[in-house]
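Colleague: Chain by chain, the residues:
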Amino acid sequence: MSLWEYANPQKFMQTSSVLLPFVSVLTAVCLVVGLVWGFFLTPEAANFGSTVKIIYVHVPSAMMAINAWVMMLVTSLIWLIRRHHVSALAARAAAPIGLTMTVIALITGAIWGEPMWGTYWAWDPRLTSFLILFLFYLGYIALWEAIENPDAAADLTSVLCIVGSVFALLSRYAVNFWNQGLHQGATLSLDKEENISDVYWLPLVICIAGFVLLFVTLVLVRTRTEIRARRIKALVARERMG
Amino acid sequence: MIALLLRDLNLAVRAGGGFGLGLAFFLIVTVLVPFGVGPEGAILSTIAPGILWVGALLACLLSLDRIFALDFEDGSLDLLATAPIPLEGVVAMKAAAHWFTTGLPLTLAAPVLGLLLNLDGAGYGWLVASLALGTPALSMIGTFGAALTVGLKRGGLLLSLLVLPLYVPTLIFGAETVKRGADGMATGTALMMLGAITLAASALLPFAAAAAIRINLR
Numbered sequence: 035m036s037l038w039e040y041a042n043p044q045k046f047m048q049t050s051s052v053l054l055p056f057v058s059v060l061t062a063v064c065l066v067v068g069l070v071w072g073f074f075l076t077p078e079a080a081n082f083g084s085t086v087k088i089i090y091v092h093v094p095s096a097m098m099a100i101n102a103w104v105m106m107l108v109t110s111l112i113w114l115i116r117r118h119h120v121s122a123l124a125a126r127a128a129a130p131i132g133l134t135m136t137v138i139a140l141i142t143g144a145i146w147g148e149p150m151w152g153t154y155w156a157w158d159p160r161l162t163s164f165l166i167l168f169l170f171y172l173g174y175i176a177l178w179e180a181i182e183n184p185d186a187a188a189d190l191t192s193v194l195c196i197v198g199s200v201f202a203l204l205s206r207y208a209v210n211f212w213n214q215g216l217h218q219g220a221t222l223s224l225d226k227e228e229n230i231s232d233v234y235w236l237p238l239v240i241c242i243a244g245f246v247l248l249f250v251t252l253v254l255v256r257t258r259t260e261i262r263a264r265r266i267k268a269l270v271a272r273e274r275m276g
Numbered sequence: 038m039i040a041l042l043l044r045d046l047n048l049a050v051r052a053g054g055g056f057g058l059g060l061a062f063f064l065i066v067t068v069l070v071p072f073g074v075g076p077e078g079a080i081l082s083t084i085a086p087g088i089l090w091v092g093a094l095l096a097c098l099l100s101l102d103r104i105f106a107l108d109f110e111d112g113s114l115d116l117l118a119t120a121p122i123p124l125e126g127v128v129a130m131k132a133a134a135h136w137f138t139t140g141l142p143l144t145l146a147a148p149v150l151g152l153l154l155n156l157d158g159a160g161y162g163w164l165v166a167s168l169a170l171g172t173p174a175l176s177m178i179g180t181f182g183a184a185l186t187v188g189l190k191r192g193g194l195l196l197s198l199l200v201l202p203l204y205v206p207t208l209i210f211g212a213e214t215v216k217r218g219a220d221g222m223a224t225g226t227a228l229m230m231l232g233a234i235t236l237a238a239s240a241l242l243p244f245a246a247a248a249a250i251r252i253n254l255r
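Those protein sequences? They're chains A and B, same order as listed. Number 191 in the working numbering belongs to position 157 of the first sequence; there are no gaps in the numbering. Number 137 in the working numbering belongs to position 100 of the second sequence; there are no gaps in the numbering.
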């Protein structure tokens, strides 16, 4: 019994079909509890008014936007090193979700920025790096779409993902050097004093858990779809041969 | 490898189109900007570093899809891939040839265009220095992008979508060097980061680009 067993598409399909209902229900519960608690049962913050409630969507989606790319990097490496098709398909499945999370983070941030900073957009380091991340996702997805041979597409996008990760990190620090920001520092770091206050902390953590689970659910569903699409393609090809 | 470099340089110069086109494009971009923002010297001199760098970057982008496309079409890329010299070396030479035909002329022409944009007197040296240090990175990153899209029919647009985000750090440090130089501030950090990007890109990206070409030729 090892992790690599799930690299077998058959095994992956079996396990994920058992797992999927549980994960979906857990996602729904976490999101409903977290968002309802956050939206209706927490007080308004002194300086923010009711806009503070955007945090329950903004922070989790921003976290997932970055984590989705990290997950794509890991699965790309697994594909390049061990040639497991499920891994490549999971990377492909995660990219549009990561893109969506990036867009959600940018839009909720803009909606929040307008009352707080008086502007929808500022060339703040954090905002700018998210915009760059958005462009990286676009390029990655476009490369997947452009190449017809599935194995070559998986290989090339993996290479792009690795090189892109390095440049994404580099851009993050370059942007810091380029401009000082309006955005506040970390909200949830473990070692700092300036964390968010406890009233908001618990629903926020539940929301983050909900977004993580949502991501897992969507990646599972999309990977299953990709596997099925590939099977259909193989069947069609076999029909033509016979 | 030297022979390959000379061959690519000869091809670029003699085949027409590719060589002067980047420079002409750079000139046109810089000439168009004052029409867009107005002729006031103060505004122009504040945006001059950024415009010059963005213009150089776009001019670089223009000739990227030619790096491998012609060799791919007539089959010489297959020969190069099976040649006794490593493919990484071929890629590095291709990038070098691209730099000699676009990056170097752009660097030399930039001060003249800086004059058009009313760049501050202190900025000229830094403009040339930053372009000389930064454009090799642009060529190398672009070669990687060209290697990724070499087999594609309509690779040109995709190529710019892939390459432009990768250009962000180079652009930031390059334009920042000129801006700080023109304002009389210390430019050491930005210039050093620019050099670091160029060195790291030319040390590591040939391997990634060669891997991409091997996949595309499979």
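What the hints contain is simulated information worked out from the structure, not anything from laboratory work. The reader is advised that the hints may include incorrect statements.
Output of the computed footprint for chain B on chain A, the stretches with three or more beta carbons under 8 Å from beta carbons of chain B [to be verified]:
1) 151-158
2) 170-177
3) 192-198
Idealized CB from N, CA, C, for every residue including glycine.
Colleague: Could you check the structure against the hints above and give me the numbers of any it violates, in ascending order?
Modeller: 1
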